[in-house]
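Undergrad: Fit chain B to the supplied structure of chain A, relying on the hints for placement.
There are 2 protein chains.
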Amino acid sequence: MDIIEQIVSGDVRTIARILRDIDDELPSSRSILQRLYPHTGKAHVVGFTGSPGVGKSSLVDQIAGFYRKESRTVGILAVDPTSPFTGGAILGDRIRMQRHFLDPGVFIRSLATRGQFGGLSKSTNDMVNVLDAAGKDVVLVETVGVGQDEVEIANSAHTTVLVTVPGMGDDIQAIKAGIMEIGDIFVVNKADREGSRKTVRELMNLIEIGLRRREGLDWEPQIVETEAVKGKGVDKLYETIEKHKAHLQATGSERWREVVEKRTRIQLMSALRDQALKVVLQRLDEQGTSVDELVRRIVDRESDPYTIVEQILDKGLQ
Amino acid sequence: MDIIEQIVSGDVRTIARILRDIDDELPSSRSILQRLYPHTGKAHVVGFTGSPGVGKSSLVDQIAGFYRKESRTVGILAVDPTSPFTGGAILGDRIRMQRHFLDPGVFIRSLATRGQFGGLSKSTNDMVNVLDAAGKDVVLVETVGVGQDEVEIANSAHTTVLVTVPGMGDDIQAIKAGIMEIGDIFVVNKADREGSRKTVRELMNLIEIGLRRREGLDWEPQIVETEAVKGKGVDKLYETIEKHKAHLQATGSERWREVVEKRTRIQLMSALRDQALKVVLQRLDEQGTSVDELVRRIVDRESDPYTIVEQILDKGLQ
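Going line by line, the protein sequences match chains A and B. Numbered according to the numbering used here, the first sequence spans residues 30 to 347. Numbered according to the numbering used here, the second sequence spans residues 30 to 347.
It cannot be assumed that every hint is accurate.
If chains are identical, the list can't say which one is meant, so a pair holds when it fits in one copy or spans any two.
[Said to hold, decoys possible] BS3-like cross-link-like pairs, simulated, lysine-lysine; straight-line CA separation at most 30 angstroms: (1) 227 with 259; (2) 344 with 291; (3) 98 with 272.
Rather than coming from a laboratory, the hints here were simulated on the basis of the structure. Quick caveat, the model's predicted, so the values are computed rather than measured.
Okay, chain A solo, but in the shape it has when bound (with noise of 0.2 angstroms):
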């Protein structure tokens, strides 16, 4: 079996030997991301989106026990550093996760392993995509839901579901300042502390402005409150998720193929952006410029970064 069939077919081994590869940028993925694509489109991508400790990573355990229990199987992509499965959290959030490391359904993988921020939301995609063609039914990706990569990670999922907590006022501001815009479900969680309701009825008010600035939308933006720890109101979560996917998926209409589209073209941006610098930076290095040496100029005042940058550009990419 050649390493395609081997994702394909849903080899452990072989996944995590490509995702790997992807994450240390090996130029040999590449071409198995070419071959693999055709394998895609498949999978429900279902993004996870909020502030560190908000509870994110047991609602996403609490989830995946749901989609096991009909057989369906799950990749969790965690992009967000605080995550129990990238090893940072507290012993009772690992132990919480180890029933699904032992469950061959369900494939686990954090984006944050060396410690560093660069490249995660890149290689994001391309994790989803692998994941996706190794048959996975549901793609469920973790991210911290602040900055202009994680926004761009949750626009690139079918569903997302914002989740904050009682209490979080600016986290509230936050969302009303963008990240509303893109909320399919909004959560509620650690609905048991002080002040629960009231961040539903803000969240409330938010919707309703939110929905006069969504154009052609007609999905209103759900509202559940859980307690993750307990698995209290997952349930809920869980329909709501089911829900959002069988609204996209409608008979008759377009909205699947809309948000396809629209994750594509971010993708598409995304990628072209990373690989122009590249090609920009190869170049350079071919004609013997030296990159320390461009600091250099701008530092001492001799050039700016405008001009240089255009005196680049202009000479085109080859």
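TA: Below, chain B without anything else, positioned relative to chain A:
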């Protein structure tokens, strides 16, 4: 007086206009940035980064007051969607800020006016350059501290202040995972809250771990406890920021230049990446290649994003 002279002389209206033009990505702003660049390089750029709700804005507000007491001019850029500078905060915060709004020695600009995340970090460096050229002695940049963009902004400051609050265990995990390595000063704000000492101890441990990973570091990261709303401990923070600046600028030391070179390199890479994408898209447009059509071919699995990116870049950029 031409526009460059007006900016260099600190004319508020002209500065506001050029910042707006940068935000709007007007091509004319680039030539102004080119001409302003020789006037840059004097301001001390201080980044404040941390999760929403930790009180960065209050700290920035207070610190600005200390600079003003010494008649130094201040530029403030808030890249935090939850910042009161962006109009997203409760009334009390806004009132607190207003004393600076009335002070001609403080120029405040929010970078989230449109409720969007895209392109914020890209223009932040340009805006820092404008305020630098306009003669501000210090530029305070407030960002939400998670995500690649924010780390890049923090990396582009001379002095980076990481802000947390007691009991945000997960926040500290985030710091551990990556941001740790970029912090010069750590602030435990809201230090009257339970757990402040514990948070300080955790930070001390992390700094010790971090020190082992930072080569050639001769500045030991400092921890400062504050209660920004009451103004407690902010004098200590101000002194520590000044101490870090003096450390960088110590006679016979290359530290300041090293930091500037690092900032410049990051800015150059970021600008090259963004501009290269622009060139690629413009070229596709001139060739009559529709991005919509490329997206359709990928979605219909007639091709894949990896092959399409390769084909576009193989042709070079002109």
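Undergrad: Does each hint hold? Answer for all of them.
TA: Hint check:
1. 227 with 259: Both: 21 angstroms inside a copy, 27 angstroms across copies.
2. 344 with 291: between (32 angstroms within a copy, 26 angstroms between copies)
3. 98 with 272: For residue 98 and residue 272, the Cα distance is within 30 angstroms only inside one copy (17 angstroms; across copies 58 angstroms).
Consistency note: the structure conflicts with none of the earlier hints.
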